[in-house]
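Trainee: Chain residues, written in single-letter form:
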Amino acid sequence: MNAHDEERMKQFLKQALPPMGDAEPGHDQWPAMRQRLAARPTAVPWFDWALAGGLAVFALAFPASIPVFLYYL
Amino acid sequence: MRDGASNVLNEFRQGSPATFNDAFETLFRLHQRTVYGWLLRIVRNPATAEDLTVETFWRIYRAHARFDPTRGFEAWARTIATHAALDWLRTQRPETELLMDVAAPPTGDPAISDEIRRKTAEAFSRLAPKLRIAAVLAVVEELPHKEVAAALGISVTAVKVRVFRALRLLRKDLQQQGITP
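These protein sequence lines are chains L and H, in that order. Under this note's numbering, read the first sequence as residues 1 to 73, first letter to last. Under this note's numbering, read the second sequence as residues 1 to 181, first letter to last.
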């Protein structure tokens, strides 16, 4: 692609997607932000669940390891 | 005034819970328009830009301890907003966004028909999000490469490479549809 093609593609793009320029939101977003802050997610990440599940499976498979594990806690 | 702004930033970074919340609200009210405007330039949809403004400030709220006052709040917020927009673009199927703009009245080259505009917008929506963001900010919005690079957390050279790749892939896509740019 030469410089001419590049300029032509820029023209195409500008025509297809006119610039948005400086725009303002239709309304104050603070109420939505407060709502988001009030609904803080308490979900446990999936990898924490995976780790807990892995430990449980290990403990069931090797019950003798439980006292050793507790000792090192 | 400068001291006031500095105090707000310090409270935001390491204030007590009560002062932190006040500082966060102050910063939100000061910068929500800038962040919204930046996001709108990327996602090109007012409702999505509003949602992402809240998402951006939510990420800012959680990451306040990592804020570096020497860098400036606006630049930091812009970087976080860009990543929020990038995450959103990655969840979208091609051709489901951006198309609303095709019908916008064109100004300029009458040789570019509505069909070409539509196909260009569709081809653009099929590009990788990281290429689209670089191209839309640098080419469509004509922002300085340095500003785009800072927002994306990459070098100016990397921005130029992404823009070039975006244009080259766009050209290839249009050629496959029988359009010779």
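Heads up, some of the hints might be wrong.
[Unchecked claim] Taking beta-carbon pairs under 10 angstroms as the criterion, some of the chain H residues facing chain L (in silico):
(1) 23
(2) 33
(3) 36
(4) 40
(5) 61
(6) 63
(7) 64
(8) 66
(9) 118
(10) 140
(11) 144
(12) 161
(13) 171
(14) 174
Quick caveat, the hints were computed from the structure, so don't treat them as lab data. Beta carbons are placed, not taken as given, at the ideal position from N, Cα and C, and that holds for glycine.
Trainee: Against each hint, give a clear statement of whether it holds in the structure.
Mentor: Okay, the hints, checked on the actual structure:
1. 23: 14 angstroms, violated
2. 33: 5 angstroms, holds
3. 36: 5 angstroms, holds
4. 40: 5 angstroms, holds
5. 61: 7 angstroms, holds
6. 63: 14 angstroms, violated
7. 64: Status violated, d = 12 angstroms.
8. 66: With a minimum Cβ separation of about 18 angstroms from chain L (threshold 10 angstroms), the hint on residue 66(H) is violated.
9. 118: 8 angstroms, holds
10. 140: 5 angstroms, holds
11. 144: Since the shortest Cβ distance to chain L is 14 angstroms, the answer is violated.
12. 161: 13 angstroms, violated
13. 171: It holds, given that the least Cβ distance between residue 171(H) and chain L is near 5 angstroms, below 10 angstroms.
14. 174: Given a least distance of 7 angstroms, the restraint on residue 174(H) holds.
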